[in-house]
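Visitor: Now for the letters of each chain:
There are 2 protein chains.
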Amino acid sequence: MSLAPWRSLIARALHRNRSLPYARYVQLATVRPDGKPANRTIVFRGFLEETDHLKFVTDDRSEKTQQIADCPWGEVCWYFPNTREQFRIAGKLKIVDRADETLQKARQQAWQDMSEAARVQFAWASPGQARADLETFSPPIPSQSDPLPQFCLLLLEPIAVDHLELRGDPQNRHQYHFNQGTWRVESVNP
Amino acid sequence: MSLAPWRSLIARALHRNRSLPYARYVQLATVRPDGKPANRTIVFRGFLEETDHLKFVTDDRSEKTQQIADCPWGEVCWYFPNTREQFRIAGKLKIVDRADETLQKARQQAWQDMSEAARVQFAWASPGQARADLETFSPPIPSQSDPLPQFCLLLLEPIAVDHLELRGDPQNRHQYHFNQGTWRVESVNP
Numbered sequence: 001m002s003l004a005p006w007r008s009l010i011a012r013a014l015h016r017n018r019s020l021p022y023a024r025y026v027q028l029a030t031v032r033p034d035g036k037p038a039n040r041t042i043v044f045r046g047f048l049e050e051t052d053h054l055k056f057v058t059d060d061r062s063e064k065t066q067q068i069a070d071c072p073w074g075e076v077c078w079y080f081p082n083t084r085e086q087f088r089i090a091g092k093l094k095i096v097d098r099a100d101e102t103l104q105k106a107r108q109q110a111w112q113d114m115s116e117a118a119r120v121q122f123a124w125a126s127p128g129q130a131r132a133d134l135e136t137f138s139p140p141i142p143s144q145s146d147p148l149p150q151f152c153l154l155l156l157e158p159i160a161v162d163h164l165e166l167r168g169d170p171q172n173r174h175q176y177h178f179n180q181g182t183w184r185v186e187s188v189n190p
Numbered sequence: 001m002s003l004a005p006w007r008s009l010i011a012r013a014l015h016r017n018r019s020l021p022y023a024r025y026v027q028l029a030t031v032r033p034d035g036k037p038a039n040r041t042i043v044f045r046g047f048l049e050e051t052d053h054l055k056f057v058t059d060d061r062s063e064k065t066q067q068i069a070d071c072p073w074g075e076v077c078w079y080f081p082n083t084r085e086q087f088r089i090a091g092k093l094k095i096v097d098r099a100d101e102t103l104q105k106a107r108q109q110a111w112q113d114m115s116e117a118a119r120v121q122f123a124w125a126s127p128g129q130a131r132a133d134l135e136t137f138s139p140p141i142p143s144q145s146d147p148l149p150q151f152c153l154l155l156l157e158p159i160a161v162d163h164l165e166l167r168g169d170p171q172n173r174h175q176y177h178f179n180q181g182t183w184r185v186e187s188v189n190p
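Chains as they are written, first to last, in the working numbering: chain U, 1 to 190; chain B, 1 to 190.
Excised from the complex, chain U in its bound form (with noise of 0.2 Å):
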């Protein structure tokens, strides 16, 4: 396959700003049961092999994990502090759980990327519950190889990229749509 064309400007813009640990870190935007938003900071651990769509990961105790089984669509925003550059992408999501059956080796290899100190979060009590008692959050450390049940690999399948560049005088924006297995772009007003 070939890459879709806003890989190359990611690619670039995580290159420029890799001295800033956050600059993995984006904003995903989901539609909570009631047709509310919400909004969260999220982790960017890199690409599907082979693929455009964008890997993190999830507890499927999550409010998240439920949102997205009520309404597949996400947008994420991705701020690039030095480069003062700004990714809106937005697309399906998909949850990867122990159940799945095509993707379980992608589940495994991202709970094998993930640090010591992020797997074991996963097997802490459940998120957003009542604060549980301190010694919950010392459970044992959880197995390298294998990920723990609530551990979900999340997948956003890019559908369209808005990218506004702020430091061109006039700022640059470009838009790039999916259509019938093409990506076109379209240059637009800041």
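Heads up, a few of these hints could be off.
Unchecked claim - Cross-link-like lysine-lysine pairs, in silico, PhoX-like; alpha carbons within 25 Å at most:
id	chain 1	residue 1	chain 2	residue 2
1	U	Lys-92	B	Lys-36
2	B	Lys-94	B	Lys-36
3	U	Lys-94	B	Lys-36
4	U	Lys-94	U	Lys-105
5	U	Lys-105	U	Lys-92
To be verified - Per label pair, the in silico range of CB-to-CB distance:
id	chain 1	residue 1	chain 2	residue 2	range
6	B	Gln-180	U	Thr-102	44 to 52 Å
7	U	Glu-50	B	Ala-118	42 to 50 Å
8	U	Glu-186	B	Thr-182	44 to 52 Å
Think of the hints as simulated: they come from the structure by calculation, not from any bench.
Backbone N, C-alpha and C fix where the C-beta goes; we use that ideal spot for every residue, glycine too.
Based on these hints, arrange chain B on the given structure of chain U.
Guide: Structure of chain B alone, referenced to chain U:
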């Protein structure tokens, strides 16, 4: 009035992150007319006097203004890099345009509080439309006192705030809910 209990936490975070201009950038999630989420970076411009309402600005020709007219709910995600903490602020959005009768003074003040560079962007060609000629991005400098017709003050009236501190061990997370005129706080699992 007394300030909401999370106001001092925001003030502290702004102070401790004051070395980063982009610590005033937040991501606002809204819902599109087709029910899918939208997400973009906007600039925090303080609180509306005598209230806990967050101030932003927008252009009435932008997609977000149209989205908000259709669905007035929003959620801001605000990540502070230096202190490694996140605020998720959910609430009702209100557009204060040139026809608004009660908050016209606040709209005018927001215009005057902006830099000239920020004000002139409201005189640019319509955002999101096919790229206009270069000269349309060098319009006459607008008045410093009177807002352009398309300029809107955007208010977020919070009803829920979720504060996550990544630095704790374990992390700390508190949820604030506004109910019958009172804020209640609960400690929850991160």
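Visitor: It remains to establish, for every hint, whether it holds in the given structure.
Guide: Checked hints:
1. Distance check on the hinted pair: Lys-92 of chain U and Lys-36 of chain B sit about 10 Å apart at the alpha-carbon level, within 25 Å; holds.
2. Annotation: proposed proximity of Lys-94 of chain B to Lys-36 of chain B holds, straight-line Cα distance about 20 Å (limit 25 Å).
3. For the hint linking Lys-94 of chain U to Lys-36 of chain B, the alpha-carbon distance of about 15 Å falls within 25 Å, and the restraint holds.
4. Using a Cα cut-off of 25 Å, the hinted pair Lys-94 of chain U and Lys-105 of chain U holds, with the two alpha carbons roughly 15 Å apart.
5. As the CA atoms of Lys-105 of chain U and Lys-92 of chain U are separated by approximately 21 Å, the hinted pair is consistent with the 25 Å bound.
6. Checked against the given bound of 44 to 52 Å, the beta carbons of Gln-180 of chain B and Thr-102 of chain U, roughly 49 Å apart, stay inside it.
7. At about 43 Å, the CB distance of Glu-50 of chain U to Ala-118 of chain B agrees with the hint of 42 to 50 Å.
8. In this structure the hint that Glu-186 of chain U and Thr-182 of chain B lie 44 to 52 Å apart at CB holds, the actual value being about 49 Å.
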